[in-house]
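Chemist: Sequence:
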Amino acid sequence: MGSPCEVQCYATDAAEARRAIDLASAEAQRLEARYSRYRPDSLLSRINRAAAGGGRIAVDAETAGLLDYAEACYRQSDGLFDITSGLLRQAWRFGPGGLPDPALIESLLGRIGWHRLRWAAPWLEFPEAGLELDFGGVVKEYAADRVAALLAAAGFRQGLVNLGGDIRVVGPHPDGAPWLIGIRHPRVPGALLGSLPLYQGGLASSGDYERCLMVDGVRYGHVLNPRTGWPVRHLAAVSVVGDLCVVAGSASTIAMLKEEDGPAWLDGLGLPHFWMDARGGAGGSLRFPP
31 MGSPCEVQCY ATDAAEARRA IDLASAEAQR LEARYSRYRP DSLLSRINRA
81 AAGGGRIAVD AETAGLLDYA EACYRQSDGL FDITSGLLRQ AWRFGPGGLP
131 DPALIESLLG RIGWHRLRWA APWLEFPEAG LELDFGGVVK EYAADRVAAL
181 LAAAGFRQGL VNLGGDIRVV GPHPDGAPWL IGIRHPRVPG ALLGSLPLYQ
231 GGLASSGDYE RCLMVDGVRY GHVLNPRTGW PVRHLAAVSV VGDLCVVAGS
281 ASTIAMLKEE DGPAWLDGLG LPHFWMDARG GAGGSLRFPP
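The opening residue of the sequence shown carries number 31 in my numbering; numbering runs sequentially from there.
For the record, the hints were derived by calculation from the structure and aren't laboratory data.
It is possible that some hints are incorrect.
To be verified - Label-pair restraints from in silico Cβ distances:
hint, residue 1, residue 2, range
1, Ala151, Thr42, 38 to 44 Å
2, Arg49, Gly140, 16 to 22 Å
3, Gly140, Arg79, 19 to 25 Å
4, Ala44, His203, 16 to 22 Å
5, Arg317, Pro204, 22 to 28 Å
6, Gly185, Ser315, 30 to 36 Å
7, Arg317, Ala294, 17 to 23 Å
8, Ala207, Ala56, 26 to 32 Å
9, Arg49, Pro204, 16 to 22 Å
10, Gly300, Trp149, 26 to 32 Å
11, Pro320, Ala150, 48 to 54 Å
12, Leu139, Ser75, 20 to 26 Å
13, Ala184, Arg257, 41 to 47 Å
No residue lacks a Cβ here, since even glycine has one placed at the ideal position from N, Cα and C.
Take the sequences, apply the hints, and build the full model.
Modeler: Printed below as a string of structure tokens:
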């Protein structure tokens with residue numbers, strides 16, 4: 031998953047604990063093998079080879095569900111949440127070398143857009159050659175939900191799944207106490223804004239602090255607008271709570287992409303949330319305990 035991952039759960043003995051760990055690890059690795067963009071043998075890589083040549087490919091039911099969800103997010107976000115925009119990482123490396131060439135960004139924009147492909151299960155068709163899909167904004171959160179569901183089905187009732195900061199609670203502690211989830215401060219390294227109690231459901235956060243460039247005192251984060259090819263600038267961090275981690279994750283990302291309209295969009299969505307903008311202003315329905 032490209033990040034530290036952990037599972038915490040209560041078990042009666044070491045053998046049962048090992049069973050939980052093995053179950054969780056196997057599911058996370060299964061999804062990594064299917065949807066990693068770094069593995070040439072992954073299903074996603076096969077999809078992208080078809081996309082590069084302007085071909086078509088039939089997909090299985092699980093992938094169809096992810097594509098349906100990606101399409102729903104695209105429409106819900108007015109085209110801002112777009113899994114074809116991963117091409118922009120060819121320009122944005124977030125390492126030494128400064129800002130990318132604007133001409134390169136402009137050239138990539140012509141190959142980005144969910145509207146450029148055709149999706150009607152089970153067939154995914156690419157009328158234009160040169161497109162590419164990236165499930166990075168969906169799969170890690172989906173994996174957290176899947177791992178939690180498998181643990182619950184296997185009889186584990188109290189636990190927490192944390193895949194690189196994407197959280198899904200299996201159930202509260204045995205005494206009924208919630209899990210306390212720290213929310214990172216987007217501008218103070220190592221500091222927390224506070225901790226949120228979570229009894230059930232998922233929690234996901236998006237921000238401009240995970241991968242970023244600082245150029246002439248200006249921060250360029252990794253959340254990229256697929257229309258402009260440039261990082262969003264208004265919100266510094268968003269955290270959302272939902273029944274599913276995948277819903278919380280897409281909601282937090284869409285809010286970032288909506289810039290100044292993000293807070294109002296979150297209010298309309300009705301999910302518990304918190305946001306901080308780049309100037310230090312904050313709001314949302316979530317409140318940190320004193």
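Chemist: Look at each hint and say if it fits the structure.
Modeler: Each hint tested on the structure:
Between Ala151 and Thr42, the C-beta spacing of about 42 Å keeps the proposed range 38 to 44 Å intact. Between Arg49 and Gly140 the beta carbon distance is about 50 Å. The supplied range of 16 to 22 Å is therefore violated. The supplied range of 19 to 25 Å is met by Gly140 and Arg79, whose beta-carbon atoms lie about 20 Å from each other. About 20 Å separates the C-beta atoms of Ala44 and His203, a value consistent with the hinted range of 16 to 22 Å.
Separated by about 26 Å at the C-beta atoms, Arg317 and Pro204 satisfy the suggested range of 22 to 28 Å. For Gly185 and Ser315, the hinted distance range of 30 to 36 Å is satisfied, since their beta carbons lie about 34 Å from each other. Between Arg317 and Ala294 the C-beta distance comes to about 19 Å, which sits within the given range of 17 to 23 Å. The hinted range of 26 to 32 Å is satisfied by Ala207 and Ala56, whose Cβ atoms lie roughly 29 Å apart.
Look at Arg49 against Pro204: about 18 Å separates their beta carbons, and that is inside 16 to 22 Å. Between Gly300 and Trp149 the beta carbons are some 28 Å apart, a value that agrees with the proposed interval 26 to 32 Å. With their beta carbons about 52 Å apart, Pro320 and Ala150 fall inside the hinted range of 48 to 54 Å. For Leu139 and Ser75, the Cβ-Cβ distance of about 23 Å falls inside the hinted range of 20 to 26 Å, so the restraint holds.
The supplied range of 41 to 47 Å is met by Ala184 and Arg257, whose beta-carbon atoms lie about 44 Å from each other.
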